[in-house]
Structures are given as C-alpha cells and as structure tokens.
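Colleague: Going down the list, the sequences are from chains R, H, C and G.
Residues in the first sequence are numbered from 20 upward in steps of one, following my numbering.
Residues in the second sequence are numbered from 20 upward in steps of one, following my numbering.
Residues in the third sequence are numbered from 20 upward in steps of one, following my numbering.
Residues in the fourth sequence are numbered from 20 upward in steps of one, following my numbering.
Certain hints may be false.
[To be verified] The calculated lysine-lysine pairs, modelled on DSSO-like cross-linking and capped at a C-alpha distance of 27 Å, are:
#1 Lys-92(C) - Lys-105(R)
#2 Lys-105(C) - Lys-105(R)
#3 Lys-161(G) - Lys-92(H)
#4 Lys-305(R) - Lys-66(R)
#5 Lys-92(C) - Lys-92(R)
#6 Lys-105(C) - Lys-305(C)
#7 Lys-161(G) - Lys-66(G)
#8 Lys-105(H) - Lys-92(G)
#9 Lys-187(H) - Lys-312(H)
#10 Lys-92(G) - Lys-179(G)
#11 Lys-105(H) - Lys-105(G)
In short, the hints are calculated from the structure, not lab data.
Just so we're clear, the structure is a prediction, and the values are computed from it rather than from any experiment.
4 protein chains.
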Amino acid sequence: MNTFGRLFRISIFGESHGECVGITIDGCPAGLALSPDDMLPDLERRKGGQGKGTTPRKEDDYPLIKSGVFNGKTTGFPITILFENKNIRSEDYEKQRSIPRPGHADWVAHQKFGGNEDYRGGGHFSARLTTGIVAAGVIAKKLMPGITIHATVTEIAGEKNTELGLQKAIDAKDSVGGIVECRVAGLPVGLGEPYFDSIESVLSHALFAIPAVRGVEFGTGFAAVTMFGSEHNDAIENMDGTTRTNHAGGVVGGITNGNELVFRIAIKPTSSTPKEQNSLNWDTGKTEDFSVKGRHDLCVALRAPVIVEAVTAIVLADFLLLGQKIKRVL
Amino acid sequence: MNTFGRLFRISIFGESHGECVGITIDGCPAGLALSPDDMLPDLERRKGGQGKGTTPRKEDDYPLIKSGVFNGKTTGFPITILFENKNIRSEDYEKQRSIPRPGHADWVAHQKFGGNEDYRGGGHFSARLTTGIVAAGVIAKKLMPGITIHATVTEIAGEKNTELGLQKAIDAKDSVGGIVECRVAGLPVGLGEPYFDSIESVLSHALFAIPAVRGVEFGTGFAAVTMFGSEHNDAIENMDGTTRTNHAGGVVGGITNGNELVFRIAIKPTSSTPKEQNSLNWDTGKTEDFSVKGRHDLCVALRAPVIVEAVTAIVLADFLLLGQKIKRVL
Amino acid sequence: MNTFGRLFRISIFGESHGECVGITIDGCPAGLALSPDDMLPDLERRKGGQGKGTTPRKEDDYPLIKSGVFNGKTTGFPITILFENKNIRSEDYEKQRSIPRPGHADWVAHQKFGGNEDYRGGGHFSARLTTGIVAAGVIAKKLMPGITIHATVTEIAGEKNTELGLQKAIDAKDSVGGIVECRVAGLPVGLGEPYFDSIESVLSHALFAIPAVRGVEFGTGFAAVTMFGSEHNDAIENMDGTTRTNHAGGVVGGITNGNELVFRIAIKPTSSTPKEQNSLNWDTGKTEDFSVKGRHDLCVALRAPVIVEAVTAIVLADFLLLGQKIKRVL
Amino acid sequence: MNTFGRLFRISIFGESHGECVGITIDGCPAGLALSPDDMLPDLERRKGGQGKGTTPRKEDDYPLIKSGVFNGKTTGFPITILFENKNIRSEDYEKQRSIPRPGHADWVAHQKFGGNEDYRGGGHFSARLTTGIVAAGVIAKKLMPGITIHATVTEIAGEKNTELGLQKAIDAKDSVGGIVECRVAGLPVGLGEPYFDSIESVLSHALFAIPAVRGVEFGTGFAAVTMFGSEHNDAIENMDGTTRTNHAGGVVGGITNGNELVFRIAIKPTSSTPKEQNSLNWDTGKTEDFSVKGRHDLCVALRAPVIVEAVTAIVLADFLLLGQKIKRVL
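Please build the complete structure, drawing on both the sequences and the hints.
Modeller: Take a look at the structure:
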C-alpha cells in the first residue's frame with residue numbers, strides 16, 4: 020500500500036512519465052493557512068538543475084491543490100495535490116527496455132507485475148514521487164511552528180568535505196552516494212512508545228521508503244558498538260531531562276526525551292551512472308555492455324535533505340496528533 | 020500500540036516483574052502443527068545464563084499456549100501464549116527508583132505515564148517482552164519451511180573476534196555493544212513494494228522495536244556511500260535474476276530480487292553496567308554517583324540473534340501471506 | 020479518515036463545489052484492462068436528471084484517470100480518478116448560510132471544523148463524493164467476473180410500488196425515503212470471519228458511509244425477531260451447503276455460506292425538501308421559517324442502487340484478495 | 020483479524036471449550052483506577068442462569084488481569100484479561116459433530132478452516148468470547164464518567180411486553196429473537212466524520228460483530244422510509260444544537276450533534292433450539308432429523324444489553340481519544 024501514517028496520513032500516487040504524480044494528505048487539522056506558495060521553497064530545494072551533481076531536468080513542480088483547502092485554509096478534509104509531468108522524454112527509456120538496469124527496479128517490477136508496470140522513467144518507483152512527500156512535509160512543518168527540522172549532507176563519496184566528494188564523481192564520470200544527517204529541536208518529551216510505535220521504528224519505516232536509502236541510525240548509531248556502556252549512557256543533568264551527552268540521539272525506550280533528535284541515513288550511489296555497465300539482456304538472455312541514457316543525478320544524496328525533512332515532519336506531526344502523553348479522557 | 024503486522028499480526032503485553040509476559044498471534048493459517056516443544060530451542064537461545072556476558076537470571080520460559088491450537092494444530096484463530104514471570108527480585112529495582120537510570124526509559128516513562136508505569140525491572144520496556152516475539156518467530160518459521168533465516172553476532176565492542184570483544188567488557192567491568200548480521204535464503208522474487216511497504220521499511224520498523232537497536236542497514240549499507248555507482252550496482256547475470264555481486268542485499272526498489280537478503284543491526288552497550296555512574300536524583304534534584312544493582316547482561320547483543328531471526332520471520336511471513344505477486348483475482 | 024479497505028483500499032477526497040471530487044484505489048492487481056468508458060454506464064446510473072424524483076443538475080461525470088493505468092491496463096499501483104465539478108451554482112447555498120439546514124451536516128460541521136469547512140453544496144459531506152466510489156465499484160466488479168451484484172429500490176415512501184411512492188412525494192411537494200435491497204450471487208464459501216471481520220461488520224461499515232443510510236439488515240433482518248428458531252434456521256440440504264431457506268442471507272458466523280448474499284438498507288427522506296421548514300438562524304439565535312433553494316432529489320434512494328452495488332463490490336473484492344480460505348503458506 | 024479500534028483497541032482470543040477466553044485492551048490511558056471487582060456487575064449481567072430464557076451454565080466469569088495494571092491503576096500499556104473456562108461438557112457437542120447445526124457456523128467453519136477449527140461449543144465463534152468484550156466495556160465506561168450508556172430489550176418474539184414474548188418461547192419450546200435499543204446521553208458534539216469514520220459506520224461494524232445480530236438502525240431507522248423529509252428533519256432549536264425531535268438519533272453527517280444517541284439492533288432467535296430440526300449429516304450426505312443437546316438460551320437477546328453497552332462504550336472511547344474536534348496542534 021502506498022499510504023503512511025495513523026492520524027496524519029499520506030497516500031502517494033502517480034508515475035514519473037505518466038500524466039502526473041500526487042499525494043493526498045488526510046487528517047490535517049482544519050484552519051491551517053495554506054497556499055501553493057508555501058510549498059515552493061521546499062519544492063525548489065528538491066528540484067534538480069541548480070547545482071553540480073544534480074540533473075538538468077526542469078520539472079516545474081507547481082503544486083495544484085485540488086481539495087481540502089477553502090478560503091486559504093485547510094478544511095479538515097483530505098488535501099489532494101497534483102504535480103503535472105512536463106518535459107518528458109520517455110524515448111530515452113524505451114531504448115533500454117530490453118536491459119533491466121542494474122540497481123534499478125526494472126527486473127523485479129517486471130517479475131512482480133507481469134510486465135504491466137509503467138516502466139518509463141522508473142514509473143511509480145521514481146524518486147519523482149517524493150515531490151508529493153515534500154509538499155506534505157511543508158504542511159506538517161506548518162503544523163509544528165515551534166519545532167525545527169534541519170537535514171544536511173554531511174558526507175559525499177566518503178568525504179566530509181562534500182565539494183571534494185562531488186568532484187570525485189565528476190572526475191570519475193561515475194555516480195556517488197552520501198550521508199544525510201537530520202536534527203530536530205523543540206520536540207516535547209513523551210512522543211513515541213516502546214516496541215512497535217517507537218520513534219525509531221516509525222521514522223525508519225518512513226525513511227527507508229525514500230528511494231536509495233540503505234541505512235538508518237539514531238544518535239551515535241553504529242559507532243555505539245565500539246563504546247562502553249558507561250561512556251554511551253547519557254547522564255541526566257536536571258529535572259528537564261537535559262542530558263550531558265546525547266548518544267541516544269534524543270530517544271530512549273522509543274520515546275523522545277526532550278533533547279535534540281539526531282539521526283543519519285546512508286544513500287547509495289545513484290543507480291543510473293554515466294559509466295558503461297554490463298548486465299542481462301532480456302531478449303537475448305545474455306549479458307552485454309550498455310550505458311544508461313537520460314538525465315540523471317550523479318549524487319541523489321544532494322536532493323535528499325528536503326525529502327528527509329519532509330518525511331521527518333510527517334512522522335512527527337502524526338506523533339503530535341496522537342498526543343505525547345497518554346492521559347485520561349473527559 | 021503494541022501490535023505489528025498486516026495479515027500475520029502479533030500483539031505483545033506484559034511487564035518484566037508483573038504476573039507474566041505474552042503475545043497474541045493473529046492471522047496464522049489453520050492446520051499448522053504446533054506445540055510448546057517447538058518453541059523451546061529458540062527460547063533457550065534467547066534465555067540468559069548459559070555463557071559469558073549474559074545474565075544468570077533463570078527465567079524458565081515455558082510457553083503456555085492458551086488459545087488457537089486444537090488437537091496439536093493451529094485453528095486459524097488467535098494464538099495467545101503466556102510466559103509466567105518467576106524468580107523475580109523486584110527489590111533490586113525499588114532501591115534505585117529515585118535515580119532514573121541513564122540509558123534506560125525510567126525518566127521518559129515517568130514523564131509520559133505520570134508515574135503510573137510499572138517501573139520494576141523496566142516494566143513493559145523490558146527485553147523480557149521479546150520472549151513472546153521469539154515464540155511468534157517460531158510459528159512464522161514453521162510457516163516457511165523452504166526459507167532459512169540465520170542471524171549471528173559479527174562484532175562485539177568493535178572486535179570481529181567476538182570472544183575478544185567480550186573479554187574487553189569483562190576486563191573493563193563495563194557493558195559493550197555489538198553488531199548482528201542476518202541472512203535469509205530461499206525467498207521468492209517479488210515480496211515488498213516501493214515506498215511504504217518496502218521490505219526495508221517494514222523490516223526496519225520491526226527491528227527498531229527490539230530494545231537497544233540503534234542502526235539498521237541493508238546490503239552494503241553505510242559502506243555504500245564510499246562506492247561508485249558502477250561498483251555498487253549488482254549486474255544481473257541470468258534470467259533467474261541472480262546478480263554477480265549482492266551490494267543491494269537482496270532488495271531492489273523495496274522488492275526482493277531472489278538473491279540472499281542481508282542486513283545488519285547495531286546494538287548499543289547494555290544500559291545497565293556494573294560501572295559506577297553519575298546521574299540525576301529525582302528526590303534531591305541533584306546529580307549523584309550510583310551503581311545499578313541486579314542481574315544484567317554485559318552484552319545484550321549476544322541474546323539478539325534469535326530475536327532478530329524471529330522479527331525477520333514474522334515480517335516475511337506477513338509478506339508471504341500478502342502474496343509476492345499482485346495478480347488478478349478469480 | 021477517508022479511507023476504506025485492507026488490500027483493496029479506496030480513499031476519497033474533494034468537495035461538491037470545489038475544483039473536483041476524486042478517489043484513489045490502491046491494491047488493485049496489475050493487468051486488469053481498464054478505461055474511462057468502462058465506468059460510464061454506472062456513472063450514468065448514479066447521475067441525476069433522467070427521471071422523476073431526481074435532480075436536473077447535469078454533472079458531466081467523466082472519469083479522468085490520472086495514474087495507475089498504462090497501455091490500457093492497471094499497473095498494480097494506485098489508480099487516482101478525478102471528476103471535475105462543472106455547472107456549479109454556489110450562490111444558491113451562500114444565501115442559506117445563516118440557517119444550518121435541518122437534516123444536513125451544516126451545524127455539526129461548523130462546530131467540528133470551526134467554520135473552516137467548505138459549506139458550499141455540502142462540501143465534503145455531499146453525495147457528490149460517491150462518484151468516485153461508483154468508479155471504484157466498477158473496478159471491483161471487473162475483478163470478480165463470476166460474481167453478480169444487483170441492487171434495486173424495493174420500496175419508496177412506504178410503497179412497494181415505487182412509482183406510487185414517488186408520486187406521493189411529487190403530490191406532497193416533499194421528499195421521501197426508500198429501501199434498497201442488494202443480492203449477490205456467485206460468492207465462494209468462506210469469505211469473512213467471526214467477530215470484527217465478519218461480512219456483516221465490514222459491509223455495514225461501508226454501507227453506513229453512504230449519505231442518508233439509517234439502517235442495514237441482512238437476510239430476514241429485523242423481521243427475524245418475530246420468528247422461532249426452528250423457522251429461522253436454514254436447513255442445509257446438500258454437501259455444497261445449499262440451504263432450504265435463506266433467512267441468514269448467505270452469511271453464517273460472519274462467513275459466506277455459498278448461498279445468495281442478501282441485505283437491505285433504509286434511506287431517509289432527502290434532507291433538502293421543497294417544503295418550508297422552521298429552524299435556527301445562527302445570526303439571530305432564533306428559529307425562523309425558511310425553504311431550501313437549489314436543485315435536489317425528492318428521493319435520493321433512486322440514485323442509491325448503483326452506489327450500494329459499488330460499495331458491495333469494493334468490500335467483496337477486498338475479502339477475495341484476502342483469500343476466502345486461511346491456508347498454509349508455501 | 021480479531022482486533023477492533025484505532026486508539027482504544029481490543030483484541031479477542033480463546034475458544035468456548037478451550038482453556039480460556041480473553042481480551043487485550045491496548046491504548047487505555049495511564050492512571051485509571053481498575054480492579055476485577057469493577058467488572059463483576061457487568062459480567063454478572065452477561066452471565067446466564069439468573070432468569071427465564073437464559074442458560075443454566077455457570078461460567079464463573081472472574082476476570083484475571085494479567086498485565087497493564089500496577090498498584091491498582093492502569094499503566095498505559097496493554098491490559099490482558101483472561102477468563103478460565105470451567106464447568107465444560109464438551110461431550111454434548113461431540114455427539115452432533117456429524118450434523119452441522121443449522122444457524123450455526125459449523126459448516127462454514129469446517130469449509131474455511133479445513134476441519135482444524137475447535138468445534139467444541141462453537142469454539143472461537145461462541146458468544147462466550149463476548150465475556151472479554153464486556154470487561155473491555157467496563158474500562159471504556161470508566162474512561163467516560165460523564166457519559167451514560169443504557170441498553171434494554173424492547174421487544175421479544177414480536178412482543179413489546181417482553182415477558183409475554185419470552186412465555187411464547189417457553190410455551191412453544193422454541194427459541195426466539197428480540198430487539199435491543201441503546202441510548203447514550205452526555206456525548207459531546209463533533210465525534211465522528213462523514214463517510215468511513217462516521218459514528219454509524221464504526222458502531223455498526225462493532226455491533227454486527229456480536230453473534231446473532233441481523234440488523235442495526237439509527238434514530239428512526241427503517242421507519243424513516245415512511246416519513247416525508249419535512250417530518251423527518253429535526254429542527255434545531257437553539258445554539259446548543261438541541262433539536263425539537265430526534266429522528267436522526269443524535270448523528271448527522273456521521274457526526275454526533277449533542278442530542279441523545281439512539282440505535283437499535285435485531286437479534287435473531289437463538290440458533291440452538293430445543294425443537295427437533297432436519298439438516299444434513301456429513302457422514303451420510305443425507306438430511307435427517309435431530310435435536311441439539313446442551314445448555315442454551317431460549318432468547319440470547321436477554322443477555323445482549325450489557326454486550327451492546329460494552330461495544331458502544333468501546334467505540335465511543337475510541338472516538339473520544341481521537342478527539343471530537345480536529346484542531347491545530349502545538
């Protein structure tokens with residue numbers, strides 16, 4: 020299912036080279052001021068074509084709000100937003116149809132959907148679908164004015180100096196991956212539950228939905244395995260729950276503890292690389308050399324921060340609507 | 020909510036030092052032979068007291084099947100399994116009630132539940148709750164006879180030689196973390212979907228529900244960010260979808276591709292360490308030195324493999340019941 | 020939430036006098052031939068303007084399929100369908116804004132959404148939202164070629180001769196209600212479960228979502244309370260489960276028994292009546308006489324059969340995808 | 020699935036003649052005083068053996084609270100309650116195994132579960148499962164001290180004088196059905212939504228989960244179809260939303276309007292009747308005369324009010340936790 024969330028729920032639809040992609044946001048409270056303009060800055064950040072290492076495709080991602088907004092405010096009913104697909108060159112993809120691109124979903128999609136999948140530009144698998152997620156993220160952010168979410172690329176191609184990492188890709192004419200770190204300040208204590216509704220569980224669920232994400236870690240993450248317990252434990256310093264260190268990344272027992280929420284994701288090198296590759300040709304049943312045509316990012320990690328922020332905002336808005344405290348009703 | 024799964028659904032309940040912990044498994048097909056004995060080997064693996072670095076507490080984890088099994092077979096209705104809590108020494112914990120243990124959920128639980136939480140032995144937050152999960156994992160494994168799931172500790176305290184890592188902990192009289200790797204063979208092509216029902220999303224959701232997990236990565240994971248796309252992409256070799264390498268860890272576009280499913284989790288050092296620590300005392304509002312009493316594992320990662328296998332089996336059984344192919348009905 | 024279904028899931032959005040209404044269908048298997056033309060006959064049945072007692076508003080309900088269909092077949096991904104709103108005369112409704120119409124949701128919507136609701140033409144409450152449901156019903160019906168679903172108006176204004184009942188309304192210049200009966204043939208044995216996933220539970224959930232429905236009964240329904248058990252029980256006649264009578268309406272213990280599924284719904288008189296009414300004026304805080312302007316049906320029950328069929332098809336497709344038998348996997 | 024609810028969620032398990040039946044309540048807020056004694060009065064009402072027309076089976080329904088309560092208060096974690104099955108005479112049922120009882124689920128269960136179902140005493144289909152629901156209802160009622168829920172039998176065997184209706188059954192030595200009406204006072208305005216989360220949809224879903232329910236109607240219900248719109252519409256009288264009449268039964272557009280919530284359910288004659296019946300014998304493949312042995316109620320409707328109240332309380336607690344108003348967070 021293409022739906023996520025309990026009380027703030029998003030549903031995505033559309034294909035990369037179909038008529039449009041879009042999203043429906045259900046559960047947004049009534050009375051929130053909302054216009055397409057609110058979404059443009061984040062959509063601009065997601066869009067390619069601005070810098071080194073991102074694709075020159077101009078997608079003109081203007082959000083068409085089709086429902087749920089009246090007189091400039093949310094009505095409390097589902098908000099459906101469409102993004103028309105323009106400037107499409109499907110023929111680039113048609114040519115490679117006989118070779119399922121390695122790293123892409125071409126082969127599994129064909130097996131799973133029996134050849135009925137829309138294969139043009141990745142179809143429903145395309146990161147173009149994240150356009151709607153970014154729009155929903157803007158709404159979620161607006162619901163939480165006191166909370167700041169900030170994601171940045173902290174590493175490209177193994178280099179902490181990201182410009183250097185990107186240059187590696189340009190020099191090698193090959194795609195590269197990166198790490199995105201996200202920090203959230205202003206969260207109340209008490210969001211999340213132990214086990215299946217832990218902040219980590221729900222957030223990782225949403226983060227791994229972003230194409231190309233291969234790892235998620237909270238706080239000190241994988242590095243925690245080289246520490247002793249006495250080092251890793253964050254001593255509580257005062258009655259507000261402020262901790263001396265923040266190895267936990269702001270979550271203990273699945274619940275926010277009022278300190279900064281910190282997590283990182285690993286994004287693999289873009290599957291579409293300018294480099295020549297060798298893979299199976301469906302028609303011949305043999306492998307052959309080929310190269311992927313079309314416009315692609317050398318490093319999709321560069322586009323990821325705004326998507327990570329959106330996903331984070333969506334998850335946290337949902338937790339906030341659920342209520343951070345379980346308390347007596349009436 | 021303490022529930023997970025769509026068609027194979029588990030619900031956990033209970034507290035570490037309450038009367039029992041337990042689980043209900045709903046959605047298990049009818050006609051599967053099942054007895055408590057089937058569960059004993061995996062429950063034994065989860066139990067402490069056998070080796071270095073695990074707690075000497077003897078929990079006598081005998082599964083009491085209260086429903087859903089008739090004449091030695093599942094009926095198709097909910098299977099509820101209880102594990103009585105025996106050999107409890109709650110007084111160990113009472114003594115430290117005034118100091119919320121760092122790394123534990125004591126402080127957040129108190130804030131969230133207003134002091135109504137069962138704080139003894141971690142209450143509902145306790146890893147004791149994983150007993151039921153292991154039992155459910157046994158059922159899930161029995162549903163998938165052709166699929167093998169194997170998890171192992173591949174690193175302790177930063178050492179690939181795990182004995183060495185454990186010795187570090189014993190020497191330092193401090194707790195340590197570790198890495199658990201899980202490999203699944205025999206999966207059909209086509210489980211999972213892109214985005215929110217991706218294998219990675221659903222599996223990470225369940226894995227982060229295991230106490231002490233701080234990171235999850237698939238295939239090459241975080242190391243992928245140092246590779247070029249042309250290196251990371253797994254070339255498809257034949258019509259079965261076998262790939263030359265398996266950097267993807269068996270999942271592309273959120274869907275299994277028929278190669279081995281591979282992922283790793285990072286487990287933090289046990290929060291309860293024999294070392295003296297400094298943290299807040301609720302009664303005085305000041306920090307003080309203290310040490311945690313009670314029986315604890317120096318390295319909970321040692322107990323984790325069977326839990327990771329159980330969680331994996333539960334998730335995969337759910338995907339298998341959903342059907343790996345979306346096809347026409349009737 | 021505006022979503023229904025487990026594996027065949029619909030999500031509705033839109034407002035009566037907004038830009039459009041629409042629906043997203045998620046979970047439809049890949050490879051089903053589908054075009055807008057398939058939907059036109061049922062959409063035509065739903066539309067007003069053809070006969071006595073239905074509104075002359077011409078809505079031009081042409082389904083714009085925005086996603087999920089490629090080369091004339093479903094892809095296995097979400098199908099989003101829009102219906103543009105044309106021929107709108109919102110000013111008719113504006114005039115009555117100060118008087119919440121009795122029988123309508125005006126007053127509760129205002130209380131619940133704080134005045135942010137789109138009040139024009141009933142907004143999201145409008146039966147115009149059922150357009151999408153009818154479209155989804157067409158897809159569901161196509162998934163189940165062997166199953167026939169047939170709903171008819173069996174009573175209007177208390178008259179089994181529906182023409183007579185309608186004439187009552189025309190003569191009295193007042194709106195009237197009716198009863199719709201639905202019969203489903205060709206269902207396999209074994210759909211549904213006892214308790215919360217019973218056929219009756221899930222079907223009534225969906226049926227009561229149709230505006231104006233005030234009662235739902237299965238088989239003999241309310242009349243069963245005047246029968247003895249020995250009369251009401253349906254004797255099984257043969258190994259196929261054929262019963263001598265069908266007081267159960269094809270469902271026993273929440274599960275289909277292979278006999279015809281039969282149920283009825285009660286539809287209240289249209290809330291918008293040409294008759295003068297007395298109700299509260301928000302601006303004055305006093306009651307006053309008024310009459311509802313605009314185009315309305317004297318008997319919405321006449322439009323209901325195709326909606327009832329759609330809802331039934333959606334529910335049954337979901338049950339069929341879940342599988343009528345709970346059986347061993349792999 | 021045997022689960023119901025969104026934020027106040029119940030999961031039932033167990034079989035009539037197995038070891039126990041039980042329920043898990045997840046989502047109950049922390050801090051609610053709760054003891055087994057609180058449940059005894061409602062459990063007593065549900066139990067048979069007290070009056071004419073109910074079975075003499077003494078079930079000794081003592082609720083064993085196994086989790087989620089600590090120091091006499093709820094902890095915010097799942098509450099699991101068991102009821103041991105005592106005084107079981109399974110042999111009564113064994114004898115009739117070759118004849119699937121008409122009106123019962125014997126035949127469909129056998130087809131669906133392939134003979135693996137626990138057939139003794141109806142197994143999981145048994146109304147004995149409602150014991151847990153009544154216990155959960157007590158908790159739900161305690162969460163809503165200002166709301167009163169009152170259900171009564173208003174008709175037996177077609178007689179408004181219920182004593183008379185019951186005498187009919189005794190005289191005829193046959194089982195009979197009845198009507199239960201439920202009234203809820205004290206509800207706030209604004210619970211529910213149009214379409215799939217309407218009060219009617221969610222409540223009917225839960226009500227049809229009660230064994231033997233064949234119809235559900237709100238307000239005037241089926242009788243509304245004989246009224247004109249101008250008669251049926253409830254005029255709003257004042258700014259509190261009080262209506263002159265209450266044909267809507269307190270729900271408009273799926274949302275509570277602050278007036279009394281009123282609905283009725285039809286309960287069929289008990290399937291087990293002392294009368295001789297004719298039905299299929301599985302072993303011979305032919306029909307034959309037989310009579311049902313064992314202890315049974317002549318009129319299960321008599322036991323239903325407390326179950327209807329429980330189901331209603333569970334649904335309303337869930338709606339109250341969801342929040343009657345959709346408002347801005349933070």
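Colleague: For each hint, tell me whether it holds in the structure or not.
Modeller: Comparing the hints with the structure gives:
no.	hint	result
1	Lys-92(C) - Lys-105(R)	holds (23 Å)
2	Lys-105(C) - Lys-105(R)	holds (26 Å)
3	Lys-161(G) - Lys-92(H)	violated (39 Å)
4	Lys-305(R) - Lys-66(R)	violated (37 Å)
5	Lys-92(C) - Lys-92(R)	violated (38 Å)
6	Lys-105(C) - Lys-305(C)	violated (36 Å)
7	Lys-161(G) - Lys-66(G)	holds (21 Å)
8	Lys-105(H) - Lys-92(G)	holds (23 Å)
9	Lys-187(H) - Lys-312(H)	holds (21 Å)
10	Lys-92(G) - Lys-179(G)	violated (42 Å)
11	Lys-105(H) - Lys-105(G)	holds (26 Å)
Figure legend: structure checked against the earlier numbered hints; hints not met, in rising order: 3, 4, 5, 6 and 10.
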